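There are 2 protein chains.
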Amino acid sequence: MDRMITVNVELGERAYPIHIGADLIGQTALFAPHIAGSSVTIVTNTTVDPLYGDTLRAALAPLGKQVSTVVLPDGEAHKNLGTLNLIFDALLGSRADRKTTLIALGGGVIGDMTGFAAACYMRGVPFIQVPTTLLSQVDSSVGGKTGINHPLGKNMIGAFYQPQAVIADIGALRTLPARELAAGVAEVIKTGAIADADFFDWIEANIEALNRCEPEALTEAVKRSCEIKASVVAKDEREGGLRAILNFGHTFGHAIEAGLGYGEWLHGEAVGCGMAMAADLSVRMGYLDDTARRRLVDLIVAAHLPTKAPALGEKRYVELMQVDKKAQAGAIKFILLKRFGETLITQAPDAEVHATLAAAV
Amino acid sequence: MDRMITVNVELGERAYPIHIGADLIGQTALFAPHIAGSSVTIVTNTTVDPLYGDTLRAALAPLGKQVSTVVLPDGEAHKNLGTLNLIFDALLGSRADRKTTLIALGGGVIGDMTGFAAACYMRGVPFIQVPTTLLSQVDSSVGGKTGINHPLGKNMIGAFYQPQAVIADIGALRTLPARELAAGVAEVIKTGAIADADFFDWIEANIEALNRCEPEALTEAVKRSCEIKASVVAKDEREGGLRAILNFGHTFGHAIEAGLGYGEWLHGEAVGCGMAMAADLSVRMGYLDDTARRRLVDLIVAAHLPTKAPALGEKRYVELMQVDKKAQAGAIKFILLKRFGETLITQAPDAEVHATLAAAV
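Chains as they are written, first to last, in numbering that gives the first Met the number 0: chain A, 0 to 360; chain B, 0 to 360.
Where hints are given, some of them may not hold.
Because identical chains share one entry, a pair is satisfied inside a single copy or across any pair of copies.
Below, simulated BS3-like cross-link-like pairs (lysine-lysine); rule was C-alpha separation at most 30 Å, straight line [to be verified]:
hint	residue 1	residue 2
1	307	234
2	98	332
3	64	314
4	234	64
5	222	314
6	337	222
7	64	307
8	98	337
Calculated from the structure, these hints are not laboratory results. Please read all numbers here as calculations on a predicted model, not as lab measurements.
Generate coordinates for the entire structure from the input sequences, incorporating the hints supplied.
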């Protein structure tokens, strides 16, 4: 499995390539075209640095750049202003300038924080994403969403900021815990469900291969997910409308994450459960037939993801959804399913929302 | 003096008007076109809120929006991540959404922090600037630079983000301390010096009227400064090249501010002294004749601005200038003067820089 596939995200002057394949982190040639300045700062965490830090530094060595590394604590609980400031401290401490390239080596938390730091440091420096989890390969690779959490809401502080390139190394998934692999599969399922019925069928047929971390299946899943997301984002870079469909499962999912405290459930687990809830609401409101909902729930279960929501209380769920970024003046917008590949965005009657919440726990 | 002048900053889809005149803060009609959502958050400080907060809230009342106010501590020393977070706390506490408009009511610190908060909150919400100091009216009104300081450097963390409109109320300058008025005149002088010899002559002829805070002179000074800066920024929104000339006096000036600790000297005072130093270096390097340098220094003195630099030590000055955002790989770029209206950007030999530093203290 030495095939490398490149998906191009078409965003005019902000266009960039996503390279997908096995053992890419060590390939100097993939980084060389995207590092213009004289220095590089790698941002990673205590889990990933021992696994892939040396491989990346060895790949960069022939380029003759000044390379420094910032190692952050691992986990969603650290995706906050204090940890972000550690990146700024390191950049200023190493005299990083306006041409210094940041490289995010890690999962979604590292990618989101590094991208946001790159967006803000001296009002913008280049960065490269090297996502090492399936979730970050299929999700944060495309879309330019960067940011941090606030105690009152997830990703509330951030920027739209595009990387120079994404290097999605499928080989890095060999060291990924099974629970995190499943969390990534959740976003793959989401992408099929909202945008491509054929891809949804393919996921159903290949779910065991994905669970077993087979490189060929993973490469295909990452490629199709990135292509679909890239086509949505190219039409709506700053989330004016269409792009909101990518938040299928996220309205309920974000409430679960915020309600339990970030880090208790993985983002993908919350999205898995959130998709089951959104499908339930879709059926209750008469948009989706129950057979499709069952197929979706069965696939979520087959991916070893939760479909039973934590008992936060219905009132708390509604409160949490009202502070979601997609809400306006307290009105919650749900992304619902009509059939695989077709969505709609709508408010929902309180009674139906409460019925879904009651059925989900 | 009821004349209102509008300068349009031409930035395509990010274009916006700057309204300049006396007693504009109370005019509902100036705000109405720029507030689309259902809520407004005013960000101000403990000095300005008692002076103009009620006037602004009264102007907004007829629009029927939910209005909240965040009152921050006053001063450059508070332009940091911790104070920025107070804005985010308030926005999330009041359930501000993606259409909430932020209004910055205050000087440059309030404008920079509010603009940056607007750039980051939910990855971008609209904001209006109501600058209440001369410096912020002529400087931060145009250019979209927002941000905060880091202990190791000024404005190191920020974004380019344009307001919906700027309401520059000349009447608010009546309550401005003389020292802050002078700091604003420093940027007016800078604008004339780098871009428009006729305007420089006009400032020389009207410096006493500006010192006396005469509305007609102030309106003209703000108008010409904004026009000149707008024309530079329109050609170079993200500071690729031309725009760097606006940093005349700032390389030395930022070193003074950082070296003394932010807040010890006002930004405009540091720029005043920094211009005298940059002119000195310009003469030493053979670009500027000494008669022009003397005219500039005389005008800085007439504006009651310092021309004698604090004794930080030459080594420290160089260190501080090396971490300036304009430096690359430690090489310092100076904006020098050839004549009024004409600049050049260059590195300088150590010997000349040290001679300027030695002569300035």
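Index of numbered hints that the structure contradicts, given in increasing order: Violated hints: 1, 4, 5, 7; rest satisfied.
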